[in-house]
Amino acid sequence: MAVSVASHGHAHDDHGGHDDIIYQETRDMRLMGFVLFLVSDVVLFSSYIFAYIYLRNSIQPTWPPIVNGHQLPRLDTAFAAFNSVVLFGSGVTMHYALENWKHANKRGFNLFMWLTIFLGLGFLGGQGYEYAHAQIGGWNGNIFGASFFTLTGMHGIHVFLGVCFLFALWIQTRLGVYTQDKFFGLTAGTLYWHFVDVIWVVLFFLFYLW
Amino acid sequence: MATVAPGVPTGPYHAVLDHIHPEPTSFIRKYIFSIDAKVIGIQYMITGAIFFVIAGLLAEIIRTQLLSPHGAIISAATYNSVYSMHGSAMVWFVVIPLLTGAFGNFVMPMQIGARDVAFPWLNLVAFWIFPVAGVILFSSFLVGAPDAGWTEYPPISLMGPPGTNLWCIAVFLIGVSSTMTGINFLVTMYKMRAPGMTFTRMPLFVWAQLATTPLLFIATTALGAALAALFIERVFGVPFYDPKRGGSPVLWQHMFWFYSHPAVYIMIIPGFGIISEVLPTFARKPIFGYKMIAFSSVAISLLSFSVWAHHMFTSGMVPWLQLPFMIITMVIAIPTGVKIFSWMATLWGGSINWKTPALYATGFLITFTYGGLTGFFLAAVPADYHEHGTYFVVAHFHYVLYGGSIMSMFAGIYYWWPKMTGRMYNEKLGQLQFWLTFIGFNATFTPMHWLGLLGMPRRVATYDPQFTFWNQFATISSYVMALGTVLFFYILFDSFRNGKKAGPNPWGARTLEWMVSSPPPYYNFKKIPAVLAAPYDFGNPLPYLGLDAAPGATEATPTHASHPVPTY
Chain A
0 MAVSVASHGH AHDDHGGHDD IIYQETRDMR LMGFVLFLVS DVVLFSSYIF
50 AYIYLRNSIQ PTWPPIVNGH QLPRLDTAFA AFNSVVLFGS GVTMHYALEN
100 WKHANKRGFN LFMWLTIFLG LGFLGGQGYE YAHAQIGGWN GNIFGASFFT
150 LTGMHGIHVF LGVCFLFALW IQTRLGVYTQ DKFFGLTAGT LYWHFVDVIW
200 VVLFFLFYLW
Chain B
0 MATVAPGVPT GPYHAVLDHI HPEPTSFIRK YIFSIDAKVI GIQYMITGAI
50 FFVIAGLLAE IIRTQLLSPH GAIISAATYN SVYSMHGSAM VWFVVIPLLT
100 GAFGNFVMPM QIGARDVAFP WLNLVAFWIF PVAGVILFSS FLVGAPDAGW
150 TEYPPISLMG PPGTNLWCIA VFLIGVSSTM TGINFLVTMY KMRAPGMTFT
200 RMPLFVWAQL ATTPLLFIAT TALGAALAAL FIERVFGVPF YDPKRGGSPV
250 LWQHMFWFYS HPAVYIMIIP GFGIISEVLP TFARKPIFGY KMIAFSSVAI
300 SLLSFSVWAH HMFTSGMVPW LQLPFMIITM VIAIPTGVKI FSWMATLWGG
350 SINWKTPALY ATGFLITFTY GGLTGFFLAA VPADYHEHGT YFVVAHFHYV
400 LYGGSIMSMF AGIYYWWPKM TGRMYNEKLG QLQFWLTFIG FNATFTPMHW
450 LGLLGMPRRV ATYDPQFTFW NQFATISSYV MALGTVLFFY ILFDSFRNGK
500 KAGPNPWGAR TLEWMVSSPP PYYNFKKIPA VLAAPYDFGN PLPYLGLDAA
550 PGATEATPTH ASHPVPTY
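For the record, the sequence lines run as chains A and B. Numbered according to numbering that gives the first Met the number 0, the first sequence spans residues 0 to 209. Numbered according to numbering that gives the first Met the number 0, the second sequence spans residues 0 to 567.
Do not take every clue at face value.
[Claimed, not checked] Pairwise CB distance ranges, derived in the manner of DEER restraints:
| # | chain 1 | residue 1 | chain 2 | residue 2 | range |
| --- | --- | --- | --- | --- | --- |
| 1 | A | Trp-209 | B | Pro-154 | 27 to 35 Å |
| 2 | A | His-94 | B | Leu-372 | 28 to 36 Å |
| 3 | B | Ile-49 | A | Ser-57 | 38 to 46 Å |
| 4 | B | Thr-199 | A | His-94 | 35 to 43 Å |
| 5 | B | Pro-464 | A | Gly-68 | 49 to 57 Å |
| 6 | A | Phe-78 | B | Thr-461 | 53 to 61 Å |
| 7 | B | Pro-242 | A | Phe-78 | 39 to 47 Å |
| 8 | A | Thr-178 | B | Thr-197 | 49 to 57 Å |
[Claimed, not checked] Derived list of chain A stretches under chain B, where covered just means 3 residues or more per stretch with a C-beta under 8 Å from a C-beta of chain B:
| # | segment |
| --- | --- |
| 9 | 28 to 36 |
| 10 | 42 to 53 |
| 11 | 141 to 153 |
These aren't lab readings, by the way, just hints derived from the structure by calculation. Glycine included, every Cβ here is placed at the ideal spot set by N, Cα and C.
Using the sequences plus the hints, can you model the full thing?
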């Protein structure tokens, strides 16, 4: 098939080979698709956040609610703040992992990637600890438990999938899938990880500070 | 920037457009698990047609039941399941997948001059979720089908039979499929247009699909959240909606309608696109108000996110919120009116070729306008208090969904049938089929306005004997519609056996899909054409450069089609 490279050799600053142009164009398309996926994921969280605010405001006169005459306690803000720092720290290490990849520093990349994965797992452990100690009547006890465990649980699932995602990316880097110039998977993983971080900022405010 | 012709800039995504990949040879990769958008579009169409027949039979059970005031054939409990499944299947498994998945996949990539969608594999997965979800939905009949209507309001849906859980799963899955399609289409239309095809040169069907995509990947996710919450409440007893445990049934209505009102525009905007293609082609005239039609689709799409609570005026929501919802709802009539008048002006003074697609498009103008006007009644808060939950609502949404969406789909199928199969259908039978459908449809649903205003409630298996005559009239008329549908499938069958060869462009249309052979080759275009203008200037030369027939396009026939390679 006569696909002329010359007629497409425009607007692409570096390299200029046909494969590189194809790579850049498909990368842009996948980046847009991935961002749109994150947008739709934001709507998923927003829906449950709406549900939480709706139930909290229009149904319950006090918060945390009174169940069977018993005032439920607030959640442990201090511990959650510590756990949040763990998650936000993983966002910082993820940033440095990507930067090290771009600068062809394999050792730095491995170090920061694994730090990110361990911090992510640490956050999940902290959340498990909190779940075990929260005295709010369980997932199916009342609307506080329902909103809290559903929203943070869904966030936890996102973190868990993110850890799996990062691990798979690390395996891919070992298999030589990515080069210094072509690393869309790492970009997507970083975006996803920051997205999970930002969602947690909102959840932390809604459940621990409000 | 290099140019393919003076004044025609190449798009930044030109290399992907031209990229070539081998055509599959095995039957399974070619027809079952194909990544070719045209094949996937036809797969959507066949699957949707099967669900349309099943859901249509459910509708005939409903109508037959209402032959007698005491219920002619089935118990009240079964009746509840039948109308719930009819609505769910028609909305999620017929109209939405057909208008986006079927027409979008078959037509849109060709119309923008692309060889495929942006993510062919995602497209394959999105399609295959659809039949699987459909089987899950209909298998709920085996364990007790959902019985709270297609809206499944709690607390009734919390007490519903076990099939309600399957309903949640099925609708959630089809939502995932819709989300994938929405993202895929938006990236395709944004990044993969042929060189020279600026936004204001896109065919109006493409504009309609573009305006639909945000509804697909934003609104649908909210429905997924609501469904997942209903599911975990039913299965694990997590209180969201149960008022006895602090939850709120109105919360479900907010979450459900935040999706389902935009969803009604998912079900009509692509139909608007089909009408915008059919009318200028058969009136032999440029479309009137190209930009206004294009932008009004986008306006409807954006406005549709802020009107959902007009479904909930009687739910006990705060009164001060009802007024803004009423006003914004009525504002949607403005972009819709812009379209209706533009289409009428397109027909005005045209030399109209009354083929079946043109009949359907004109019939659409009448019935959809009628349905839009009753929508205005329902949007007015005081009138809605009277009409809510009556047959007036049933009449209204069948006028916009059958008289709008389904009529536009009939127009689209007759219009693109020669392109899909390479054969013409029987024109006389097609016109007879239109009149059976049009008369049967109006005779079925017009009396329901009167029944509703007189106070006949929807979703009840029996009715007061004073309503008997018009119910029997509607039922008999619905059999005429059913006859029209049977004839429709006969026409398609007949076309395969006796249809004349269609040739590439039987209608003399001007959009890009008509510039290639029928059925189109796997790669769509030997060479991606350059686009000089919007496609509707009848009377002028075609605004394309580098088409296969044009001098200069001398390459050998490609044996490949374009799918971007997943290089990492």
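Beta-carbon spacing of A/His-94 to B/Leu-372 - inside the hinted bounds 28 to 36 Å or not = Violated, at about 56 Å.
task = With respect to the beta-carbon atoms only, verify the hint that B/Thr-199 and A/His-94 lie 35 to 43 Å apart.
result = Holds, at about 40 Å.
ask   = Is 27 to 35 Å a correct range for the gap between the Cβ atoms of A/Trp-209 and B/Pro-154?
value = holds (29 Å)
request  = Confirm or reject the coverage of the segment 28 to 36 of chain A by chain B under the rule of 3 or more residues with a beta carbon closer than 8 Å to the chain's beta carbons.
outcome  = holds (count 6)
query = Is 39 to 47 Å right for how far apart the beta carbons of B/Pro-242 and A/Phe-78 are?
reply = violated (33 Å)
request  = Count residues of the segment 141 to 153 of chain A with a Cβ under 8 Å from any Cβ of chain B, then say if the count reaches three.
outcome  = holds (count 6)
ask   = Is 49 to 57 Å right for how far apart the beta carbons of B/Pro-464 and A/Gly-68 are?
value = Holds - the Cβ-Cβ distance for B/Pro-464 and A/Gly-68, about 53 Å, lies within 49 to 57 Å.
message = Can you tell me if the segment 42 to 53 of chain A counts as covered by chain B, using C-beta to C-beta distances under 8 Å and a minimum of three residues?
response = Our answer is that it holds, as 8 residues pass the Cβ test (under 8 Å) against chain B, meeting three.
ask   = Is 38 to 46 Å a correct range for the gap between the Cβ atoms of B/Ile-49 and A/Ser-57?
value = holds (43 Å)
ask   = Can the suggested window of 53 to 61 Å be confirmed for the beta-carbon pair A/Phe-78 and B/Thr-461?
value = Since the Cβ atoms of A/Phe-78 and B/Thr-461 sit about 60 Å apart, the hinted range of 53 to 61 Å holds.
request  = Go ahead and decide if the range 49 to 57 Å is satisfied by the Cβ distance of A/Thr-178 to B/Thr-197.
outcome  = violated (35 Å)
Of the numbered hints given earlier, the model fails hints 2, 7, 8; all others are met.
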